[in-house]
Structures are given as C-alpha cells and as structure tokens.
Amino acid sequence: GSLPASPRRKSKHVQVFKPDRGNARAKGGLLWRVQPQHGDIVVKQGSGPSFPAALESARPGARIFVEGVHSWPGSLVFDKKVQVVGAGASSACLHGRFVLREYPIDEVLCGIETRASFDAPRPILAGFSGVNLQHISGEGRKMNLAGNYMGETVVVKGGAWRFLGCKLTCEGAPPLFIGGKADVRLLECRIGGVSQEERASSGVCVTGSANCELHTSVIQWTDDTGYTQIADELTIPESGLLANGETPGKTPATARV
Numbered sequence: 417g418s419l420p421a422s423p424r425r426k427s428k429h430v431q432v433f434k435p436d437r438g439n440a441r442a443k444g445g446l447l448w449r450v451q452p453q454h455g456d457i458v459v460k461q462g463s464g465p466s467f468p469a470a471l472e473s474a475r476p477g478a479r480i481f482v483e484g485v486h487s488w489p490g491s492l493v494f495d496k497k498v499q500v501v502g503a504g505a506s507s508a509c510l511h512g513r514f515v516l517r518e519y520p521i522d523e524v525l526c527g528i529e530t531r532a533s534f535d536a537p538r539p540i541l542a543g544f545s546g547v548n549l550q551h552i553s554g555e556g557r558k559m560n561l562a563g564n565y566m567g568e569t570v571v572v573k574g575g576a577w578r579f580l581g582c583k584l585t586c587e588g589a590p591p592l593f594i595g596g597k598a599d600v601r602l603l604e605c606r607i608g609g610v611s612q613e614e615r616a617s618s619g620v621c622v623t624g625s626a627n628c629e630l631h632t633s634v635i636q637w638t639d640d641t642g643y644t645q646i647a648d649e650l651t652i653p654e655s656g657l658l659a660n661g662e663t664p665g666k667t668p669a670t671a672r673v
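Per this note's numbering, residue 417 is the first one in the sequence shown, and the count goes up by one each step.
You may find that some hints are simply not true.
[As the list claims (entries may be wrong)] Pair ranges (Cβ atoms, derived):
(1) Glu523 x Ser487: 30 to 40 Å
(2) His454 x Glu613: 37 to 47 Å
(3) Val524 x Gln461: 32 to 42 Å
(4) Gln451 x Gln612: 29 to 39 Å
(5) Ser611 x Pro520: 36 to 46 Å
(6) Leu525 x Ser611: 32 to 42 Å
(7) Glu518 x Gly462: 25 to 35 Å
(8) Leu492 x Ile521: 11 to 21 Å
(9) Leu525 x Glu614: 31 to 41 Å
(10) Gln453 x Ile552: 28 to 38 Å
(11) Arg538 x Glu614: 30 to 40 Å
(12) Ser463 x Lys597: 36 to 46 Å
(13) Glu613 x Gly477: 37 to 47 Å
FYI, nobody ran anything at the bench for these hints, they're computed from the structure.
We put the CB at the ideal spot given by N, CA and C, even for glycine.
Full structure from sequences and hints, please.
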C-alpha cells in the first residue's frame with residue numbers, strides 16, 4: 417500500500433489566532449475571517465517576538481497578527497507590503513509612532529475596495545485592520561524646518577495604505593499626517609483625540625500630492641474642525657465630525673462631508 421503522508425511542518429512563528437467573535441461588534445470591532453498562514457507572525461503581549469522585531473523579520477506580503485498591548489520608543493518605519501491585523505481596536509493596541517513609506521506595488525490594485533484588500537488570501541495592499549494606534553505627544557502641534565508636523569501617531573510619506581476598523585488617536589498633535597504621493601483610505605475608523613480631555617490638535621492633515629478618503633468613519637475630540645487640507649484631495653463621504661473645535665481657517669475648500 418501507499419505510505420502515509422508526512423505531516424506538514426509548521427513555521428515556529430505561526431500560532432492559532434482566535435479573534436473575540438462573541439462581542440467584537442459590541443466593542444466597535446469587526447469579525448475577522450483572515451487567519452495566519454505560513455510566513456505570517458503572531459505577536460502576543462508578554463511572550464514571543466516584540467512588535468518591532470516582528471516587523472523587521474516580516475517578509476513583504478506577510479501579515480502580523482497582534483494580541484494585547486504593545487509599545488516601543490521612537491518611530492517604526494514601514495517600507496514593505498505588510499498588514500497588521502488585530503481582533504478589534506478595543507483589544508489590540510499599538511502605542512507608538514508609525515512612519516509609512518512607499519513600497520513596490522501594482523498600481524492597478526490601488527482601486528480595490530478597502531475590505532477586499534484584507535479578505536484576500538494574501539495581502540494585496542499594505543495596511544492595518546482591527547487595531548488601536550495611539551501616541552501621546554509631548555511636543556504639541558509644531559512645525560519643523562522641513563514643514564512637517566511633529567508628534568503625530570501615523571505619518572504617511574508615500575505608497576498605498578488601507579485602514580479598516582481601526583482607531584487612530586493622539587494627544588496634542590494630529591493622529592494622521594499624509595504627504596508626498598501617498599494614497600490612504602480608511603473604512604469604519606475612529607480618528608482624533610484620546611478622550612474629550614486628551615484632545616488632538618487636528619484629526620487628518622493632508623499635504624503635497626497625497627490623496628485621503630474616509631468612508632463611514634468618525635473624527636472627534638480635536639481642537640480644530642477635525643481636518644486640515646493644505647493641498648490636493650481629502651474626501652470624507654458618509655463620515656461624521658463629533659465634538660471638534662471651530663478654529664478659523666482650517667476648513668478645506670474641497671472637502672466633502
């Protein structure tokens with residue numbers, strides 16, 4: 417007779433990832449269908465690789481599954497196509513700064529729907545889903561000599577980046593700053609300050625030739641109107657602006673609410 421098939425060898429980084437499906441929607445999260453595959457990495461609080469180490473070791477096209485709360489000093493630079501996936505913004509928290517840069521991509525794929533880019537067998541576009549990205553800025557909203565804001569949570573300098581079911585918050589500075597030729601789209605996200613008392617200076621700042629689209633998302637707890645557009649496209653269809661300030665001169669001329 418035929419010999420029995422030998423068991424498939426599993427990568428030491430691949431672990432079972434169990435999203436909190438029972439009350440994910442009650443917590444403002446989503447139900448994740450994506451599961452780790454060979455080459456993906458699972459980062460758990462208090463064990464295994466740290467999140468910065470996982471990012472460094474991840475190959476382009478991999479996913480990093482996150483559980484618990486993680487923090488690090490300084491900024492983490494993303495310059496390859498990876499996706500960070502959590503079980504929901506209430507349970508997967510990344511406290512630190514992010515710099516997102518350009519990476520090799522097929523421009524034809526940039527038009528794919530945001531949710532579909534995460535549901536694919538392998539990552540189509542880079543991004544974050546079901547995580548809380550947060551930074552407490554000690555510098556406030558200032559400009560350096562290069563004309564960039566300091567202290568933001570996420571700075572996007574290029575490439576196509578997608579956010580699904582995420583929280584992007586910051587105290588004292590904008591949580592999201594987009595420049596260069598970046599293409600950023602957010603679906604079902606919450607952006608702004610940490611709380612009513614711990615407010616962000618703005619929600620989304622768009623400069624240069626960048627493009628940003630917010631779909632069914634909320635901007636709240638900011639000192640200005642919630643968005644600042646210096647150049648090019650910022651569209652926020654079917655999204656809301658809650659408990660934000662009314663600082664004069666901040667309203668972008670081409671924004672659509």
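Open item on the list: If I claimed the Cβ atoms of glutamine 453 and isoleucine 552 lie 28 to 38 Å apart, would that claim hold in this structure?
Closed with: holds, 35 Å
Open item on the list: For the hint 37 to 47 Å, verify it against the beta carbon of glutamate 613 and that of glycine 477.
Closed with: With a Cβ separation near 41 Å, glutamate 613 and glycine 477 satisfy 37 to 47 Å, so the hint holds.
Task: Whether the CB-CB distance between histidine 454 and glutamate 613 falls inside 37 to 47 Å - done: 45 Å Cβ-Cβ, so the 37 to 47 Å window holds.
Open item on the list: If I claimed the Cβ atoms of glutamate 518 and glycine 462 lie 25 to 35 Å apart, would that claim hold in this structure?
Closed with: With Cβ atoms ~34 Å apart, the hint holds.
- [ ] Given the range 30 to 40 Å, decide if the beta-carbon distance of glutamate 523 to serine 487 lies inside it.
- [x] holds, 35 Å
Open item on the list: Range first: 36 to 46 Å. Now tell me if the beta carbons of serine 611 and proline 520 are that far apart.
Closed with: holds, 39 Å
TODO: Go ahead and decide if the range 36 to 46 Å is satisfied by the Cβ distance of serine 463 to lysine 597.
DONE: holds, 39 Å
- [ ] Take the C-beta atom of glutamine 451 and the C-beta atom of glutamine 612, compute their distance, and say whether it sits inside 29 to 39 Å.
- [x] holds, 37 Å
Open item on the list: Verify the CB-CB distance for valine 524 and glutamine 461 against the hinted window 32 to 42 Å.
Closed with: At 38 Å between Cβs, range holds.
- [ ] Could you tell me whether the CB distance from leucine 525 to glutamate 614 stays inside 31 to 41 Å?
- [x] holds, 37 Å
TODO: Given the hint of 30 to 40 Å, check if arginine 538 and glutamate 614 actually sit that far apart at their C-beta atoms.
DONE: holds, 38 Å
Open item on the list: Taking the Cβ atom of leucine 492 and the Cβ atom of isoleucine 521, is their distance within the range 11 to 21 Å?
Closed with: holds, 20 Å
Checked against the numbered hints listed earlier, the structure breaks none of them; every hint is satisfied.
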